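From first to last, the protein sequence lines stand for chains A and B.
According to full-length UniProt numbering, the first sequence is numbered sequentially starting from 1.
According to full-length UniProt numbering, the second sequence is numbered sequentially starting from 1.
Derived by calculation from the structure, the hints in this document are not laboratory data.
Computed from a predicted model, the values in this text were never measured in an experiment.
Hints may be right or wrong, so weigh each one.
Counterexamples of contact, computed for chain B against chain A with all Cβ distances above 10 angstroms [to be verified]: (1) THR69; (2) ARG125; (3) THR254; (4) PRO301; (5) LEU302; (6) ASP327; (7) GLY342; (8) PHE376; (9) ALA377; (10) GLU456; (11) ARG460.
Distance windows between CB atoms, simulated [to be verified]: (12) A:LEU586 <-> B:ARG219: 51 to 59 angstroms; (13) A:PRO463 <-> B:PRO77: 46 to 54 angstroms; (14) B:PRO77 <-> A:ASN26: 53 to 61 angstroms; (15) B:GLU416 <-> A:ARG587: 36 to 44 angstroms; (16) B:ASP600 <-> A:LYS19: 27 to 35 angstroms; (17) B:ASP464 <-> A:PRO93: 29 to 37 angstroms; (18) A:GLY218 <-> B:ARG229: 56 to 64 angstroms; (19) A:PRO93 <-> B:ILE429: 29 to 37 angstroms; (20) A:ASP394 <-> B:ARG229: 45 to 53 angstroms; (21) B:GLY329 <-> A:GLY418: 52 to 60 angstroms; (22) B:ASP327 <-> A:PRO614: 58 to 66 angstroms; (23) B:GLU222 <-> A:ASP394: 44 to 52 angstroms; (24) B:GLY94 <-> A:ALA10: 37 to 45 angstroms.
Note that CB positions come from ideal geometry on N, CA and C, so glycine has one too.
Next come the chains, spelled out residue by residue.
Number of protein chains: 2
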Amino acid sequence: MPHRYLTLTARADALSLMKQKFPPPNHIETVLLEHSVGRVTAKPLYACHSVPPGNVAAMDGYAVQSHETVGAGDRRPKTLAQAHRVNTGEVVPGMYDAVIMIEDVWQEDGRIIIRKAAAPGQFIRRAGEDIRAGDLIVPRGHQIRPFDIGALGAYGISNVPVRAVHVGLIPTGSDLVPIGQAPLPGETVESNTCMAGAYLAGMGATSRRYGSVPDDTGRICEAITAAVRENDMVIISAGTSAGTRDFTAAAIATLGEVLVHGIAARPGKPVVIGSVDNKPVLGLPGNPVATQTMLRELVAPLLERWGLSPYQRYERTVRLARTVTSDLGFEEFVPVSVGRVGDRYSAAPHPRGGGVQMAAVRANGYIRIPASGEGFAAGCEIPVSLTVPPGYVDRTLLCIGVRDPAITELADFLAEEGYLLHCCATDTIGALLALQENSCYAAPVMVPKCEPLVRELAGRYCPDANPLRVRIAAREIGIASADGLELSDLASARVAAPLRGTAPRVLLDALLPEHGIDPYSLSIAAEVRSHDSAAAAVSGGVADAGVCSAGAAAAAHLRFVPLGSESYELWFRQEVRDDSGIREILRILGSPGFSSRLCDRWDYQTDRMGEMLPGFRENLSGDAAGAMERSIS
Amino acid sequence: MPHRYLTLTARADALSLMKQKFPPPNHIETVLLEHSVGRVTAKPLYACHSVPPGNVAAMDGYAVQSHETVGAGDRRPKTLAQAHRVNTGEVVPGMYDAVIMIEDVWQEDGRIIIRKAAAPGQFIRRAGEDIRAGDLIVPRGHQIRPFDIGALGAYGISNVPVRAVHVGLIPTGSDLVPIGQAPLPGETVESNTCMAGAYLAGMGATSRRYGSVPDDTGRICEAITAAVRENDMVIISAGTSAGTRDFTAAAIATLGEVLVHGIAARPGKPVVIGSVDNKPVLGLPGNPVATQTMLRELVAPLLERWGLSPYQRYERTVRLARTVTSDLGFEEFVPVSVGRVGDRYSAAPHPRGGGVQMAAVRANGYIRIPASGEGFAAGCEIPVSLTVPPGYVDRTLLCIGVRDPAITELADFLAEEGYLLHCCATDTIGALLALQENSCYAAPVMVPKCEPLVRELAGRYCPDANPLRVRIAAREIGIASADGLELSDLASARVAAPLRGTAPRVLLDALLPEHGIDPYSLSIAAEVRSHDSAAAAVSGGVADAGVCSAGAAAAAHLRFVPLGSESYELWFRQEVRDDSGIREILRILGSPGFSSRLCDRWDYQTDRMGEMLPGFRENLSGDAAGAMERSIS
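Sequences are here, hints too, so could you generate the full structure?
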């Protein structure tokens, strides 16, 4: 018999069930005023005393009796018999009923002279003008803002009763190591509960992380029992699936009731919702993006129902740069990066695997595909929920293309200038198509450093874009082998070759015929995804020769025969030619700081970085065009 | 010679000067990962190790050799010689190159049977799939989000280098008492620096509050000297004006240089910007709203220039409900409340005094009037910066009218249901005009409990609105005196009378003729703004009789002769008749919890609360209309 999942529940139904089963705990805790920002008042707060407590001066000047000032004028200066120097905020003695600004008072030989009458009450702040003792300052349910702190303190509030929800966080898994310890293969750093604690704190909940519990139902039961006693809600991290080491559901069933096991949403499908002692006990999948999604889509709405402050969701309507598909019947959440492209916002998806946590780090938003749909086609206008403040989107430079380390380094330098470069990964052809569709700010491409080959690529995949090209960096490509094999030796060698369509493979296939070798007759021992993999295939004996970078060959202690270079370039559409972002990118690429960063950390050739490369349409006229035409044919 | 301000500087110029004079301190501090949310990375962060560290299973199931699975099919089940049970995240031993999901495996008598072939690499997460050792996680300048915590921890980051700015906060003033101590007249609770600390923390700055310093130049100098040594920036609270006890500018001049004293902005005009040891030393006015404005408009932009994260400003375009004027040459910031009224957003101003801190608490946004303008006319479409998340505005019920305690209590009960009631204070006539202009959700009015008088008010000020009326509560009004004076006695008494146009005055003026007294012949000893003031005028001997509430008379131990009641009502336009907010308001007004809250805390009559009162146009037909017409004439 196959081991199958339990019946899946719709997320909305699971949420309704939770809201119905688990009423607000209505816990109140008192925090010091200075620690109350972001917390939610549990009770209405009333002023303890009036502010100001008595009549005080609203200006620096003199307290006067208004009837004594009657008749004063520019041509009829009047000397006052009674006047009292007061500064802003000082008490106006009871005998005075007005204040004259210091600017309107002349002092001569100790006499106080005015040239303007004062109206009764003028420049006096009456007792209780700001607030009277007993008046409401803020209602219950108010999320305290930094500037509220001043008022609350001024009105006598030094301790604030706030809504409290205590959440117990239990990490499970025999494979867990603590943050700060390097994991061995098969080990995982336990950072999910740390993240959950940080997330819940943002809603005003307090959480307690318990120690990691190994994969053992008895031990998990003990941990749940303790956590349920001490908290309003318990979250168990991992062990929620149907694997042989997934004990979370069984442990909850032992102690209480499993209400839901498995919801029709991704990532996060194998969630467990249970009840122990009438408190919610949730098992969240160990995949970090699944954890995030379920915290946001399942835990947060319950806490909001319990009276805590929701995270705000800022939406933007965007044009989807690439088609995103989804299984019918599954609600799906997909991380995306949003940036301004021309006069609209464009969004490109990141990979969806629950384990690819970097996707969420790189993203600045996410889209939701309802269970009733199969996804969205490229070009659709759809809503995106942002995970950054909305203003950030306007300074985001959305790139779609090859994500090589140099572009993330460029992003670091751009960040210093206030630009946020986001790169959604695809291959060079995908990048060129995105440029053709005008769905990205720039397309990072990895092309052979060979103009005819580049021209052919551009002509085929982005014929309308007539791109501006800027070189980020280049990398030397060649043949790595134990014995120093050359191109002509490859006819009789087992070759570890890069994937078709990648720059080194295009280069290889273009050069082989010069030595009379048909690229299709090559003996491919392995098709590799990276330079390091090609070198590793040679070191491991799988192949005799690998096509890779000089750096990868050197790292694997192999001999290296150069073939050419791959050129990492940013391609832009002509429309953005005068954009400030491009100017900044060119400045950075030409700066010594950037090239030394690339030299220190990566195996790039850093000469002629930031070089403006020739476009295509320009070249089609005159002799240069003719020469190019010939070189391609 | 009058004591005058120094030349005023435009805020933008002051800010430019500061940015130019004070380059970023570039301080870095290291914080624990779990405390890093909201902080800004000072350096790019790179992964310490690859994730996953080795090839692992992406599904629960069996690790297999893909070549062994070739040929398996629904009708050709295949028993595997080699297979290894793996759970999601577990290491796939080197000899296997694919994983088959547990759902697709049949186990019979210990044999592993499959009905589908596995592709090479299937359901295997390759080493480094999420991130490779040395890859960039986040660039410098990245504000850490809660969900980033999980990734940073997973990639080996346990301590985070973040940008640090240390701000010293020095409260000055001999009138200061600490938070939690009740101020006497002339004393002020020192909460400005607590507020400043909370505000600056939100940008990622750390601050240190020093003890309060009395008004003494020498002592202030000592405090500044110590604070400049220990911080990157020093803020002195209060003492910045031109009063006799304002020593801040002098102290800065003694130790360094005063760059600016006085800027052309309100509130916050008397700000001092100085430099001591090449560090910015700012004197902010003691008025709390001035402090807030200068923190937001002067300090925050400098800290942003220094690389800290700005507070996000969310804007909404709104229609201004009331005209807001401003002096030409002064940039002015005005707190407003914004709410949805019909199909657009409406904003009404709160009072602007720098000392009215409640205005900022009550507001959910502010408008900026540029120095080049004299304000905005009612009906203008203008941008508002919100001080709450934008979603809150959609559930804000904007009221313009009389702010009596009952409506703030109503706001507290509504908050429990997710509605945010904001009340911008004006008098009853202002409220009726706002209703006539359809610039508020509801108009709280205080009217005599006398239909003909109410009808006349409505007919004069909101003839087109044909309002729906709901009673919040009523309050008994009468004559307070030592001797039990009655209405007929007022002809020969000195009277403390409420302001013209207020409900008790309208009632008084309507009733006096019945006793042959001409309201204009009354001997008015004082025109008072509140019930308590009327009673106090009698107690203090200023008047023989005061027109006030029964509660105020009782509190002052005076005899009380009732005249009638004032009715506190919410008036709505017919368009909102079916709105969920009105339903909720009616439910609350009719609830025992609300009436007992009013009874316990305030002097309302709470019978017939939430009563739907007759409208006007309906009454114009039939006998009731005739009766009303007669009773008015």
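A quick look at each hint next to the structure:
1. THR69: The claim stands: THR69 of chain B keeps its Cβ more than 10 angstroms from every Cβ of chain A (closest is about 16 angstroms).
2. ARG125: 6 angstroms, violated
3. THR254: At roughly 21 angstroms from the nearest Cβ of chain A, THR254 of chain B sits farther out than 10 angstroms, so the non-interface label holds.
4. PRO301: At about 13 angstroms from chain A, PRO301 of chain B clears the 10 angstroms cut-off, so the statement holds.
5. LEU302: 15 angstroms, holds
6. ASP327: 15 angstroms, holds
7. GLY342: 22 angstroms, holds
8. PHE376: 23 angstroms, holds
9. ALA377: 27 angstroms, holds
10. GLU456: Non-interface label on GLU456 of chain B holds, nearest chain A Cβ at 30 angstroms vs cutoff 10 angstroms.
11. ARG460: 29 angstroms, holds
12. A:LEU586 <-> B:ARG219: 51 to 59 angstroms: 55 angstroms, holds
13. A:PRO463 <-> B:PRO77: 46 to 54 angstroms: About 51 angstroms separates the Cβ atoms of PRO463 of chain A and PRO77 of chain B, which means 46 to 54 angstroms holds.
14. B:PRO77 <-> A:ASN26: 53 to 61 angstroms: The hint (53 to 61 angstroms, Cβ to Cβ) holds, given that PRO77 of chain B and ASN26 of chain A are roughly 58 angstroms apart.
15. B:GLU416 <-> A:ARG587: 36 to 44 angstroms: Hint violated: Cβ distance 55 angstroms, outside 36 to 44 angstroms.
16. B:ASP600 <-> A:LYS19: 27 to 35 angstroms: For LYS19 of chain A against ASP600 of chain B, whose Cβ atoms are near 32 angstroms apart, the range 27 to 35 angstroms holds.
17. B:ASP464 <-> A:PRO93: 29 to 37 angstroms: 50 angstroms, violated
18. A:GLY218 <-> B:ARG229: 56 to 64 angstroms: Hint holds: Cβ distance 58 angstroms, inside 56 to 64 angstroms.
19. A:PRO93 <-> B:ILE429: 29 to 37 angstroms: 35 angstroms, holds
20. A:ASP394 <-> B:ARG229: 45 to 53 angstroms: Given about 40 angstroms between the Cβ atoms, the range is violated.
21. B:GLY329 <-> A:GLY418: 52 to 60 angstroms: 32 angstroms, violated
22. B:ASP327 <-> A:PRO614: 58 to 66 angstroms: 59 angstroms, holds
23. B:GLU222 <-> A:ASP394: 44 to 52 angstroms: 46 angstroms, holds
24. B:GLY94 <-> A:ALA10: 37 to 45 angstroms: 41 angstroms, holds
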